Amino acid sequence: MNSKSNALVNELTDALFERKSILLSGSSGVGKTYIAKQITNLLQNSKYNLFDPSIESEVESCVISCHNSVTYEDVVGGIEVSTDNGKLAFEYKDKILLETIRAASEDYRNKREIRHIVIFDDVQRNDMSNLLGETINAIGAESNVKKLILNYNSNIEVTPNLYIICTYNGTEVGAITINKGLLAKFYTREILSDISYITEDCDNDIVIWYDKIHTLIYNYLDMQYRVSTYDQNRYMLGHGYFASDNIYISLKHQIIPLLKQYVAEGILDKKVENEIKLLEDACDESIEKTDIVEEEILITDYDVKDVKRVQVEKRGSRYIPTLPMNQLLGRLIEQKLLPQEKIVNKILLNRQFCYKDQESGGITYQAAFVANEDAYNHIGRMDGKRHRKFYRGGTVEIRKQKYYLWGEYLVKDYTIGLDYEKFPTIAFGTTIGMNTLFIGVLKNYYDSLIGLYEDYLLSNPQDINRQKICEYLKKEWNDFILANKEIYPNIKKNNPEAESNEVLEKSNIKLHEMINELQILWKNVGDKLVLDDGTEINIEGVGKIMGKKQYKEYRDVMEELEIKQMILQGPPGTSKTYSAKEFLKYVADDCTDKELADMQIVDYSSDDKYCAKLLEDKGIPKIAWDIVQFHPSYGYEDFIRGIKVSTEEGTDRIVYQTVNKVLGNIANLAKKHEKTTKFYLIIDEINRANLATVFGELIYGLEYRTEKIATPYEVNKDSRISLPDNLYIIGTMNTADKSIGSIDYAIRRRFLFFEQLPDKAIIADYKKENGAAQIALNEKASKLFDQVKNVFDEDYLNPEYRKEDVQIGHTYFLVDDINKLQMRFEYQIIPILKEYYKDGIISFDVELSYTGFEGFLNCIKGKINLSSEKEKVDKIFEELIS
Numbered sequence: 001m002n003s004k005s006n007a008l009v010n011e012l013t014d015a016l017f018e019r020k021s022i023l024l025s026g027s028s029g030v031g032k033t034y035i036a037k038q039i040t041n042l043l044q045n046s047k048y049n050l051f052d053p054s055i056e057s058e059v060e061s062c063v064i065s066c067h068n069s070v071t072y073e074d075v076v077g078g079i080e081v082s083t084d085n086g087k088l089a090f091e092y093k094d095k096i097l098l099e100t101i102r103a104a105s106e107d108y109r110n111k112r113e114i115r116h117i118v119i120f121d122d123v124q125r126n127d128m129s130n131l132l133g134e135t136i137n138a139i140g141a142e143s144n145v146k147k148l149i150l151n152y153n154s155n156i157e158v159t160p161n162l163y164i165i166c167t168y169n170g171t172e173v174g175a176i177t178i179n180k181g182l183l184a185k186f187y188t189r190e191i192l193s194d195i196s197y198i199t200e201d202c203d204n205d206i207v208i209w210y211d212k213i214h215t216l217i218y219n220y221l222d223m224q225y226r227v228s229t230y231d232q233n234r235y236m237l238g239h240g241y242f243a244s245d246n247i248y249i250s251l252k253h254q255i256i257p258l259l260k261q262y263v264a265e266g267i268l269d270k271k272v273e274n275e276i277k278l279l280e281d282a283c284d285e286s287i288e289k290t291d292i293v294e295e296e297i298l299i300t301d302y303d304v305k306d307v308k309r310v311q312v313e314k315r316g317s318r319y320i321p322t323l324p325m326n327q328l329l330g331r332l333i334e335q336k337l338l339p340q341e342k343i344v345n346k347i348l349l350n351r352q353f354c355y356k357d358q359e360s361g362g363i364t365y366q367a368a369f370v371a372n373e374d375a376y377n378h379i380g381r382m383d384g385k386r387h388r389k390f391y392r393g394g395t396v397e398i399r400k401q402k403y404y405l406w407g408e409y410l411v412k413d414y415t416i417g418l419d420y421e422k423f424p425t426i427a428f429g430t431t432i433g434m435n436t437l438f439i440g441v442l443k444n445y446y447d448s449l450i451g452l453y454e455d456y457l458l459s460n461p462q463d464i465n466r467q468k469i470c471e472y473l474k475k476e477w478n479d480f481i482l483a484n485k486e487i488y489p490n491i492k493k494n495n496p497e498a499e500s501n502e503v504l505e506k507s508n509i510k511l512h513e514m515i516n517e518l519q520i521l522w523k524n525v526g527d528k529l530v531l532d533d534g535t536e537i538n539i540e541g542v543g544k545i546m547g548k549k550q551y552k553e554y555r556d557v558m559e560e561l562e563i564k565q566m567i568l569q570g571p572p573g574t575s576k577t578y579s580a581k582e583f584l585k586y587v588a589d590d591c592t593d594k595e596l597a598d599m600q601i602v603d604y605s606s607d608d609k610y611c612a613k614l615l616e617d618k619g620i621p622k623i624a625w626d627i628v629q630f631h632p633s634y635g636y637e638d639f640i641r642g643i644k645v646s647t648e649e650g651t652d653r654i655v656y657q658t659v660n661k662v663l664g665n666i667a668n669l670a671k672k673h674e675k676t677t678k679f680y681l682i683i684d685e686i687n688r689a690n691l692a693t694v695f696g697e698l699i700y701g702l703e704y705r706t707e708k709i710a711t712p713y714e715v716n717k718d719s720r721i722s723l724p725d726n727l728y729i730i731g732t733m734n735t736a737d738k739s740i741g742s743i744d745y746a747i748r749r750r751f752l753f754f755e756q757l758p759d760k761a762i763i764a765d766y767k768k769e770n771g772a773a774q775i776a777l778n779e780k781a782s783k784l785f786d787q788v789k790n791v792f793d794e795d796y797l798n799p800e801y802r803k804e805d806v807q808i809g810h811t812y813f814l815v816d817d818i819n820k821l822q823m824r825f826e827y828q829i830i831p832i833l834k835e836y837y838k839d840g841i842i843s844f845d846v847e848l849s850y851t852g853f854e855g856f857l858n859c860i861k862g863k864i865n866l867s868s869e870k871e872k873v874d875k876i877f878e879e880l881i882s
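For the sequence shown, position 642 (counting from the first letter as 1) is numbered 642 according to full-length UniProt numbering, and the numbering increases by one without interruption.
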């Protein structure tokens with residue numbers, strides 16, 4: 001905080017100490033909740049002591065999120081429905097407000113210097129008079145003890161060590177006003193958007209952008225809002241939106257999406273759209289300069305000009321391969337069959353390949369197949385007696401950081417430490433030698449390639465060439481492992497004859513000869529491979545529809561802004577749910593579809609075996625995830641906590657149990673694995689439900705992670721819940737669906753927004769590695785895409801809609817057969833456009849025509865019957881793609 005922010009917090013803390021209740025109002029993003037938290041911290045100062053200024057004081061605080069479904073019974077007290085031994089139990093219980101008032105009263109009577117603060121967050125969502133009932137008189141008690149008579153004729157004392165802070169977001173549509181009688185009980189402070197709360201440097205980029213955005217908002221505010229100073233202030237974006245080390249990603253993923261929302265709701269005139277487009281272009285250009293979306297993998301220091309096959313040379317008592325580890329990895333990169341990110345994630349930085357935390361000099365290092373500078377300089381001490389460098393295999397630069405490759409080669413090294421059942425998971429230790437690591441690298445290489453081809457073949461079963469490559473990969477690796485086991489069958493502990501240098505020398509040479517004979521390893525893309533039956537196949541890689549840049553951007557922006565919730569928004573057919581899952585594969589070190597499926601949570605009741613990967617003992621997952629779909633009837637009891645009704649096993653007895661639901665379960669599980677695993681929850685169609693109701697008090701928890709928040713339900717004798725730092729939420733939102741509510745401003749500020757727009761380039765790239773026939777088909781699909789795009793031009797589109805929000809996406813045009821494209825046209829594209837026409841999203845008046853684009857419009861309008869006039873529809877389709 002700077003001097004101005006400190007002055008504001010000091011002013012409000014003094015006011016709270018004197019008046020006992022303050023109301024912080026202002027637009028979205030001015031930091032109302034943040035300031036309330038700062039006041040809570042400052043109130044611990046002993047100058048605010050009530051009894052003895054020399055005693056160290058404490059503050060206990062709680063937050064009540066005033067979402068629109070919270071009631072008096074949830075906040076003050078009432079009959080609570082709970083479960084006991086499978087039965088419903090009804091009993092009166094004091095809730096968080098009364099509990100806090102009683103605790104404050106007891107501390108005051110005992111002259112303890114403990115202050116109790118209740119923060120009511122977003123009070124505009126609820127009628128405070130109804131919410132608080134008779135306890136409303138606890139507000140504004142000032143310095144005297146006040147007695148309250150509760151509804152059930154019990155008395156309670158409100159003491160001077162009880163403080164109440166309310167926050168009120170005036171930007172929210174439908175905000176409930178506070179009546180004047182209640183308002184008079186507060187010290188009220190409106191916090192206006194003011195960049196000087198963030199920085200006092202007038203030349204700062206943040207200040208420049210702040211002024212640009214505010215000027216834009218003022219200039220384009222609809223006239224009904226511009227005439228009122230109050231309306232002007234409530235729609236000016238708060239300075240909190242600009243409190244980022246990288247203003248450009250805040251602009252792109254929070255501020256610009258909010259400006260577009262203002263346009264959609266008529267707060268800003270549609271003429272501002274050109275200005276917003278210029279802002280987007282400026283952001284994209286600046287983000288590229290800051291390398292936010294740079295290429296993920298940058299590997300250097302490999303000499304791949306003269307990559308040789310493995311040979312073994314005897315040097316003294318050692319048998320050294322002439323292909324060092326960096327040359328083997330260089331071969332994989334030069335080959336270009338396995339993508340670089342796979343080489344990094346599955347081999348170099350794979351935490352299940354030769355990895356453990358190792359302590360040296362009081363510091364714990366991540367010792368692995370590769371070591372960073374610190375680990376390289378410190379790790380290697382054996383039993384604290386002697387020191388030798390393990391990392392002599394060359395250097396590699398990954399993501400602009402230099403690493404050192406394991407390069408220790410032991411005299412008696414063959415397959416020591418190698419467990420074929422659990423391989424390639426290798427226990428880190430001093431008995432690991434180069435042969436073990438060679439086999440480990442090759443195992444990860446073959447597994448990754450096989451996974452890529454299998455994923456591809458799921459949707460391309462007709463690709464015989466790649467199917468044969470995949471089959472050959474499996475056979476070649478299986479044959480290699482079987483032969484490898486036969487090289488040295490008699491190795492046993494304490495068997496001098498088996499461990500003789502002569503036997504080891506022969507074993508080493510044989511192993512490296514086998515590596516030389518691996519066909520796939522030494523082939524490049526485009527080379528011919530002769531199969532056992534004499535047939536030839538071409539070595540082909542596997543292409544992807546979506547690139548990695550966007551997934552890196554998702555990850556980097558969330559980490560940079562420390563906002564762990566994002567929404568992928570766009571019209572139908574823009575790969576939103578697909579992208580969410582592809583992002584999970586990316587953060588899971590570019591795993592395969594099968595590997596991702598194995599990391600989906602299947603059993604929340606098990607802490608250690610909650611997914612298939614753990615059940616199969618394949619190691620600790622880097623990520624774990626689940627998916628849920630929202631709908632209009634979805635509620636808090638479906639998502640956070642509620643009462644589960646079931647029948648007792650083997651009987652007809654009905655059993656009631658208070659349980660965590662989706663978010664409660666995944667939060668609870670994530671807390672138990674904070675050090676090892678990141679947890680992701682995909683919420684499909686997130687805006688179909690009322691988010692304020694569904695998230696409830698956890699709206700606050702989205703921003704203030706790890707803080708425990710009271711809930712109406714008690715699970716395992718604990719009524720509080722928190723969201724851990726290793727839990728991420730990914731929502732998808734259909735921008736074309738106007739039948740569902742938009743996300744309100746208070747919730748929007750806690751999310752990042754990424755647009756998923758129709759992209760013709762994806763159609764052109766679709767399966768183009770299949771050859772000329774597919775490329776020609778993609779050209780036809782692209783032409784159809786252009787014709788459909790024309791339907792959303794200004795002449796046809798309702799001015800209340802943005803083209804980017806409603807134009808159907810590229811996935812409708814991704815096909816591998818012309819007949820499929822025509823079926824998509826008739827049974828998907830035209831029907832959805834007919835719905836658009838019926839809903840008034842598109843509108844046109846056209847003469848009856850059975851040809852070309854006009855015929856297409858008549859299909860949409862319903863003047864051409866898709867069933868009875870099939871020949872005419874076929875002709876229109878042919879003309880559109882010709």
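No lab work stands behind these hints, which were simulated from the structure alone.
Remember, it's a predicted structure, so these values are computed and weren't measured experimentally.
Errors might be hidden in some of the hints.
[Claimed, not checked] Straight-line alpha carbon distances no greater than 25 Å define the calculated BS3-like cross-link-like pairs of lysine-lysine that follow: (1) Lys-661 - Lys-672; (2) Lys-185 - Lys-146; (3) Lys-872 - Lys-861; (4) Lys-618 - Lys-528; (5) Lys-485 - Lys-506; (6) Lys-803 - Lys-780; (7) Lys-87 - Lys-111; (8) Lys-468 - Lys-506; (9) Lys-506 - Lys-336; (10) Lys-834 - Lys-780; (11) Lys-549 - Lys-336; (12) Lys-780 - Lys-838; (13) Lys-717 - Lys-780; (14) Lys-671 - Lys-609; (15) Lys-552 - Lys-594; (16) Lys-672 - Lys-789; (17) Lys-552 - Lys-780; (18) Lys-552 - Lys-609; (19) Lys-549 - Lys-618; (20) Lys-581 - Lys-675; (21) Lys-618 - Lys-485; (22) Lys-768 - Lys-468; (23) Lys-870 - Lys-552; (24) Lys-185 - Lys-95; (25) Lys-336 - Lys-468; (26) Lys-861 - Lys-875.
Hint check:
Taking the CA atoms of Lys-661 and Lys-672, the gap is near 17 Å; set against the 25 Å cutoff, the hint holds. Distance hint between Lys-185 and Lys-146 is fulfilled; the C-alpha atoms sit about 14 Å from each other, no more than 25 Å. Taking the CA atoms of Lys-872 and Lys-861, the gap is near 15 Å; set against the 25 Å cutoff, the hint holds. Annotation: proposed proximity of Lys-618 to Lys-528 is violated, straight-line Cα distance about 35 Å (limit 25 Å).
About 14 Å separates the Cα atoms of Lys-485 and Lys-506, which keeps this hinted pair within 25 Å; it holds. Of the pairs offered as hints, the one joining Lys-803 and Lys-780 holds, with about 23 Å between alpha carbons and a cut-off of 25 Å not exceeded. Distance restraint check for Lys-87 and Lys-111: the Cα-Cα separation of roughly 42 Å exceeds the 25 Å cut-off, and the hinted pair is therefore not satisfied. Between Lys-468 and Lys-506, the direct Cα distance comes to roughly 34 Å. Violation of the 25 Å bound is thereby established for this hinted pair.
Only pairs whose Cα atoms come within 25 Å are accepted, and Lys-506 paired with Lys-336 is rejected, the gap being roughly 32 Å. At roughly 22 Å between alpha-carbon atoms, Lys-834 and Lys-780 fall within 25 Å of each other, so this suggested pair holds. The suggested pairing of Lys-549 with Lys-336 holds, with an alpha-carbon distance near 19 Å, which does not exceed 25 Å. For the hint pairing Lys-780 with Lys-838, the CA-to-CA distance comes to about 28 Å; that exceeds 25 Å, so the pair is violated.
About 63 Å separates the Cα atoms of Lys-717 and Lys-780, which puts this hinted pair outside 25 Å; it is violated. In summary, the hint linking Lys-671 to Lys-609 is supported, as the alpha carbons are separated by about 15 Å, within the 25 Å threshold. The straight-line distance between the Cα atoms of Lys-552 and Lys-594 is roughly 21 Å, inside the 25 Å bound, and the hint therefore holds. Between the alpha carbons of Lys-672 and Lys-789 the distance comes to roughly 49 Å, so the proposed pair goes past 25 Å and is violated.
With a C-alpha separation of about 32 Å, the suggested pair Lys-552 and Lys-780 falls outside the 25 Å cut-off, and the hint is violated. Using a Cα cut-off of 25 Å, the hinted pair Lys-552 and Lys-609 is violated, with the two alpha carbons roughly 29 Å apart. Between the alpha carbons of Lys-549 and Lys-618 the distance comes to roughly 29 Å, so the proposed pair goes past 25 Å and is violated. Straight-line distance between C-alpha atoms of Lys-581 and Lys-675 comes to about 23 Å, which keeps the hinted pair within the 25 Å bound.
With a C-alpha separation of about 22 Å, the suggested pair Lys-618 and Lys-485 falls inside the 25 Å cut-off, and the hint holds. Straight-line distance between C-alpha atoms of Lys-768 and Lys-468 comes to about 19 Å, which keeps the hinted pair within the 25 Å bound. Between Lys-870 and Lys-552, the direct Cα distance comes to roughly 46 Å. Violation of the 25 Å bound is thereby established for this hinted pair. A threshold of 25 Å between alpha carbons decides the hint, and for Lys-185 with Lys-95 the separation of about 23 Å falls inside it, so the pair holds.
Of the pairs offered as hints, the one joining Lys-336 and Lys-468 holds, with about 19 Å between alpha carbons and a cut-off of 25 Å not exceeded. Distance restraint check for Lys-861 and Lys-875: the Cα-Cα separation of roughly 17 Å lies within the 25 Å cut-off, and the hinted pair is therefore satisfied.
Hint compliance for this structure: hints 4, 7, 8, 9, 12, 13, 16, 17, 18, 19 and 23 are broken, all remaining hints hold.
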